[in-house]
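Turn these sequences into a full structure, and let the hints guide you.
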Amino acid sequence: MAYRHLRDLLGLGLFVAVALATACGGKHLDGGGAGSQGGVAGLGGIAGAAGGAGGGMPDGGALGGSGVTGSGGGAAGALGAGGAAGAAACVETVTPLRTSGTILELTIDPVLGGQPFVYGEPNLSPTGGTITPINFRFYFSEVRLLAAGGGVVPVDIVTAAGSPQPYGVHFFNYEDASSRALRVLAPPGTYTGIDLALGLSGPCNTSTFEARNPPLSSTSQMTWPPPFGYLFLRYEALLTTGAQAADAGAGPPRAIHMGGFPKVLAAPAIRVDGSLSVPAGGAVTRSLQVVMDQIFLGANTPVDLTGVPLAPGEEVTAGERLRQNAPGLQLFTLGP
Amino acid sequence: MSIRACVRDVACAVALVVAGCGGGSHAPVSRPLVDDKVPAGFSGGTPVTLAPADNALTEARAQLGKRLFFDKQLSRTALVSCGTCHLPDNAFSDPKAVSAGVDDRRGTRNAPALVNLAWGESFFWDGRVATLEEQAGKPIEHPDEMDLALPDAVARIASDARYAQAFDDAYGGPVTEVSLRLAIASFVRVLVSGESPYDRHLRGDDAAFGEAERRGEEIFLGEKGNCFHCHPAGMLTNEGFFNNGSATDGGDSGRQMVTNRTGDAGKFKVPGLRNVEVSAPYMHDGSLATLEDVVDHYDRGGNGHPATDPAIEPLGLSAAEKSDLVVFLRALTDRSFLADPRWTPPTP
Numbered sequence: 001m002a003y004r005h006l007r008d009l010l011g012l013g014l015f016v017a018v019a020l021a022t023a024c025g026g027k028h029l030d031g032g033g034a035g036s037q038g039g040v041a042g043l044g045g046i047a048g049a050a051g052g053a054g055g056g057m058p059d060g061g062a063l064g065g066s067g068v069t070g071s072g073g074g075a076a077g078a079l080g081a082g083g084a085a086g087a088a089a090c091v092e093t094v095t096p097l098r099t100s101g102t103i104l105e106l107t108i109d110p111v112l113g114g115q116p117f118v119y120g121e122p123n124l125s126p127t128g129g130t131i132t133p134i135n136f137r138f139y140f141s142e143v144r145l146l147a148a149g150g151g152v153v154p155v156d157i158v159t160a161a162g163s164p165q166p167y168g169v170h171f172f173n174y175e176d177a178s179s180r181a182l183r184v185l186a187p188p189g190t191y192t193g194i195d196l197a198l199g200l201s202g203p204c205n206t207s208t209f210e211a212r213n214p215p216l217s218s219t220s221q222m223t224w225p226p227p228f229g230y231l232f233l234r235y236e237a238l239l240t241t242g243a244q245a246a247d248a249g250a251g252p253p254r255a256i257h258m259g260g261f262p263k264v265l266a267a268p269a270i271r272v273d274g275s276l277s278v279p280a281g282g283a284v285t286r287s288l289q290v291v292m293d294q295i296f297l298g299a300n301t302p303v304d305l306t307g308v309p310l311a312p313g314e315e316v317t318a319g320e321r322l323r324q325n326a327p328g329l330q331l332f333t334l335g336p
Numbered sequence: 001m002s003i004r005a006c007v008r009d010v011a012c013a014v015a016l017v018v019a020g021c022g023g024g025s026h027a028p029v030s031r032p033l034v035d036d037k038v039p040a041g042f043s044g045g046t047p048v049t050l051a052p053a054d055n056a057l058t059e060a061r062a063q064l065g066k067r068l069f070f071d072k073q074l075s076r077t078a079l080v081s082c083g084t085c086h087l088p089d090n091a092f093s094d095p096k097a098v099s100a101g102v103d104d105r106r107g108t109r110n111a112p113a114l115v116n117l118a119w120g121e122s123f124f125w126d127g128r129v130a131t132l133e134e135q136a137g138k139p140i141e142h143p144d145e146m147d148l149a150l151p152d153a154v155a156r157i158a159s160d161a162r163y164a165q166a167f168d169d170a171y172g173g174p175v176t177e178v179s180l181r182l183a184i185a186s187f188v189r190v191l192v193s194g195e196s197p198y199d200r201h202l203r204g205d206d207a208a209f210g211e212a213e214r215r216g217e218e219i220f221l222g223e224k225g226n227c228f229h230c231h232p233a234g235m236l237t238n239e240g241f242f243n244n245g246s247a248t249d250g251g252d253s254g255r256q257m258v259t260n261r262t263g264d265a266g267k268f269k270v271p272g273l274r275n276v277e278v279s280a281p282y283m284h285d286g287s288l289a290t291l292e293d294v295v296d297h298y299d300r301g302g303n304g305h306p307a308t309d310p311a312i313e314p315l316g317l318s319a320a321e322k323s324d325l326v327v328f329l330r331a332l333t334d335r336s337f338l339a340d341p342r343w344t345p346p347t348p
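Those sequence lines, one after another, are chains A and B.
Here this note's numbering is used: position 14 in the first sequence is 14, and no number is missing along the way.
Here this note's numbering is used: position 346 in the second sequence is 346, and no number is missing along the way.
Everything labelled a hint here was simulated from the structure, so no lab data went into it.
C-beta: ideal position from N, C-alpha, C; glycine also.
Wrong hints could be hidden among the right ones.
[What the hints assert, rightly or not] Partner residues are not named here, just some residues of chain A that face chain B (Cβ under 10 Å, in silico):
1) R212
2) S217
3) T219
4) T223
5) P225
Below you can see the structure in the form of structure tokens.
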């Protein structure tokens, strides 16, 4: 079969290329400019989010990792940068971590320049002109709360009724207002922040998707053909002339396709700092702002692309920059 | 009861399917409309499991819907049926760029193929309805299509004795606006096409999927052709809305008519591509006559609509690559679907 043939051929070839490049420590910045990123990590290397809190999942998975690169240095590793290792399997019907708790609802609010970044409408670009987002969607998975007393608390991503979401992921699609609510079932307590993966955990990030149901089916618009895996984040926009003038790398990109080559390019681990108080009853709603300025910065800041298995295209390069830069940026902030 | 009279009776038509009319040894026996066929690469279930709870898919409902689909009584002039603009030979599309409704009125959009819509997430080129059940009543009432108010349609059907038993069997009562729409939706839901060379290729049978088809597939699913962004492998539609550069600035605003969003100007629903070879002309307005025209359209990066999606860029395809793409698209033709006697319009 052509699929299998292509997948095997490209998959093996790219994997070997990645392995060779990594083993040789070769680096290739994809452009001039900022070179503060670009630490070299081993295949599947795991760099945690700021502070690098590790933590064991009940199933043995780990998000981030202990002894990881802190945000102060701003240096995320290369290929597996900031990756979330994830659970052992990708199952649609998730066994819940707990059956009781309080639903913590985080309303996803994209902002640009401190102002709401409105879907489908022209937004003022910081570089002049306007940006009209016409497609913006991403996955969250592997959510953990950072306990005020220390330690991390893995939590399920749940529906409004409190049951685990299919595949244990949240799919944000800015076109669908109902997807703006990320809900987790949290034990009561006080927390200092949230760790999560911006994308899919390893087992869910495969290059075959035909048997998957939403939100991992092809109608998610987040699938790539084999041998590539899922898109973790997809963004497309219409730019007016003023904004387009800065499209060479300093301003907002027209498109960002951040994705993961299965078993090689992991979903970046994100830390969101902020105090959270979860009572024993009722529900808690907070705003989780998506800082588009930081998204654009991450997509524009060059990184080491040596040996990285990427599809061609500016949008894919922008995505890989974002993926590698994400752990050192504040892509998300907690609001009231 | 004669065979002819029997066929005119929907209830008996159902019986025909099961056991043949009157047990006659020479009675035509057809496969049921409802089966569990799933095209290769489709997920989520079968037409039966995907049907909504308030319109469970049954043979009686699909058979009733088929009769209604081809019944010209459902237009004001009694000269136009759903099947007038959705021809079985054309994968239930219309070879005209825009269809002719009552009094030869013309709309603005091409009648799309009605294939594998059981898996659809929204309907019409602008996705203005979310279910087949809601969709089914719209063309009946549209002034440029069938131009008949649903209450009037119900009255006509209710006065037709041939339908009374069929509605009772299918929905447990006389025809209503709701059951009328539900029945038509049930028929559309069974229009499953999954035996094209591409389907067989996905199942591991490449007997009808040669080298040119393989090359075309690789272009289609690779960055060279970039088609996969909207037409992912398997379903060949992501059910999304995109401005592919075919819209005319200041013309049909497509999805924007539903959402009122500036960025949705010129966006139209991504169609599935099974049987695309026989569903010409193409695009929302039927403006492209051939598959070659379609490939040329994408190769030049669209027509320059200001809201064209960033993914629509000149491709730089060679003549051979264009040819391979067309060969691949023709491998999506399901001859067994097109020749399926189950889609033959019932005898009036």
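query = What hints, given by number in increasing order, does this structure fail?
reply = none
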